[in-house]
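Number of protein chains: 6
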Amino acid sequence: MSTIKPPADPESNPRVKAVFDDIRATRKTDFINNLWRSLAFDPALLEKTWTEVKQVMATPSEFDPLTKELIYIAVSVANSCSYCVHSHTAAARAQGMTDAQHAELLAIISLAAKTNHLVTGLQVPVDVAFDAGASDHD
Amino acid sequence: MSTIKPPADPESNPRVKAVFDDIRATRKTDFINNLWRSLAFDPALLEKTWTEVKQVMATPSEFDPLTKELIYIAVSVANSCSYCVHSHTAAARAQGMTDAQHAELLAIISLAAKTNHLVTGLQVPVDVAFDAGASDHD
Amino acid sequence: MSTIKPPADPESNPRVKAVFDDIRATRKTDFINNLWRSLAFDPALLEKTWTEVKQVMATPSEFDPLTKELIYIAVSVANSCSYCVHSHTAAARAQGMTDAQHAELLAIISLAAKTNHLVTGLQVPVDVAFDAGASDHD
Amino acid sequence: MSTIKPPADPESNPRVKAVFDDIRATRKTDFINNLWRSLAFDPALLEKTWTEVKQVMATPSEFDPLTKELIYIAVSVANSCSYCVHSHTAAARAQGMTDAQHAELLAIISLAAKTNHLVTGLQVPVDVAFDAGASDHD
Amino acid sequence: MSTIKPPADPESNPRVKAVFDDIRATRKTDFINNLWRSLAFDPALLEKTWTEVKQVMATPSEFDPLTKELIYIAVSVANSCSYCVHSHTAAARAQGMTDAQHAELLAIISLAAKTNHLVTGLQVPVDVAFDAGASDHD
Amino acid sequence: MSTIKPPADPESNPRVKAVFDDIRATRKTDFINNLWRSLAFDPALLEKTWTEVKQVMATPSEFDPLTKELIYIAVSVANSCSYCVHSHTAAARAQGMTDAQHAELLAIISLAAKTNHLVTGLQVPVDVAFDAGASDHD
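Protein chains in written order, with my numbering: chain A, 1 to 138; chain B, 1 to 138; chain C, 1 to 138; chain D, 1 to 138; chain E, 1 to 138; chain F, 1 to 138.
The following block holds chain A by itself, in its conformation from the complex (with noise of 0.2 Å):
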């Protein structure tokens, strides 16, 4: 299901034949998931996600790109999106993620959901230690 309509023929659009063909080239694939084509009802709002995607997360960085998928992982998890733990789960895959690796993001992921619920069930003050900017501030 769907809540836009993807255009049939998006590729006919020049904008978004582009993007494609940037993913595609980016990606050594020819496979163009189903976001990038459901994004495709608006060329504008594909080429600025496509752009931020690609900067963000296919640009050499701070961090090596296995990383990077697993940080996404983690919040796409803590906001219940299927479709994003899906993607990203391929994606991890794709940068060597191993049944151990996932089985062991699983265990942080689920310990760290926990910890959450525990220490705002008990509305735990912040210590003053872990103020980073205390003086700076107000």
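Worth flagging that the hints you see were computed from the coordinates, not collected in a lab.
Owing to the predicted nature of the structure, the values given are computational and were not obtained by experimental measurement.
Heads up, none of these hints are tricks.
Copies of the same chain look alike in the list, so a pair counts if it works inside one copy or between any two.
Heads up, simulated SDA-like pairs for lysine to any residue below, C-alpha to C-alpha not over 20 Å straight-line: (1) Lys-54 - Pro-65; (2) Lys-54 - Ala-44; (3) Lys-48 - Ala-58; (4) Lys-48 - Thr-59; (5) Lys-5 - Gln-95.
Given chain A, work out where chains B, C, D, E and F should sit, using these hints.
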């Protein structure tokens, strides 16, 4: 503020003292942060929580300690746990996280949240290619 | 799938029929969507829910009907309610939402989610200037 | 802090006074907590909110008052509503919740959060056996 | 769909078989639901998860089994975990939850969500009277 | 509190000064709120965030400025971002939001949250009529 009354002298309880001693030994610091002081109101809950946190976060495993903290922060931000964001950002810094890495972590987390909401708004159908288990589950 | 068994012939119950009739009259359509068919398992819960939805969403008020649907979609996306995103996007389209407006709505929602997570990751202290009630509450 | 300016003398408005009087009579206390003082900025919203809270939470029903508060706390923790966690934990204590029950409540809430995230990370398909409504909905 | 490939014959692994046998004995049923079949991809994660679920949910404690399931459902709804809502609603029914109780549970959960969002929108300051721990921390 | 140390004199960095100058010019005010002061710890992240916020929120588009703020507030409440609720409520007031509109906004947000949780608890199947894209995606 807090929803429980932490014990005024938690280490007078030998079960609490044993956990606090293990926290100090494991982390090589005298600092016991408020989460553990709060959990001291129920020694069994304190013991179980620390045992699991130590096993997942402070035992050599598939991921290095900094990577584990990055994942923990990601979940804590998405679950809007203020205390947890503070405590695990402090832990990540103790593991060597630089300002540049912190900025990139925030860029990944916030991009993930952005596409999570975009995908949920579009209700993008999951690509069949992402299903790792299709032939096993019906 | 569903966690309750919707009645096979809901309108045989006069309380359910009265609500369904009011839905049809208010919305000027014969279509009763699954939410109301599901709620028919408990006529009191059905009545209360419809009464409130009708009062807030289908009564002339400060905001026009499309604006109300945009707000409803925004909350439903952030709460990851797939059914609600579908039903209120359909309602917004029935109120005249264009593809361009839909794309902009998604851009605002996803930007808000992005900065929500950025702010939570930074734990930005609230500016005193934003406090509307400081002098009244302690 | 607050996003609205609560009226300095809320009970000078007879609609507000009527609600506050009913809160005091229903709860057998003179204490009016800040939620109601805040809602006094819009008497209609105050009336509707109190009417519903009183009907659901303060009327004899299927569940005893403590069980209702435990459910309320569970939702409030998962939704990360600091004020709500505080106010409903106080209400649960007023209904007799002991420290041992509080600790168990937190253990259940945090375990549920843990498995929620584990299941979402795994994207476990729903067992057909769990569908209560399969034959009624298509 | 699933992000992992569940083993085709999970009980050929003796660690998995031991957990499945314990699930059957504890629950007095031959039915092993998909969560456990999915977790079988990592026997250690399966063991730890079942051990904790059994200890918290299937051991005599402060709350009766139905109350525990109600709390579990409440968290699962707020965290938008479709599988968990299904499995724990089935568990609550197995513990005797009636349609009237289910309707009331949903009324409490949805009212809590409503006031959670109202309070967060108002940013109501926490009443000093709700602080159980003020004199002990900071 | 804060997880980063905001620069003591942010405008000594010319990239930060350029952004701050543009914020002042765009908003026609000398006030720079804490989000931007915090982001100054990483000029690149500051630039990208402001560029996007300005493009989406401060450029003439399909929706008027107040409508955009209402949507932003709705997402921020559902994501439980205290700072964001404060800052965007202040922005909505600056765009002319009255107390009556604020009360209605809160009524819509909290009703949406209520039905989101009700629908998730019921696991209502999506009506086929709501699918805008069925024939295009498989």
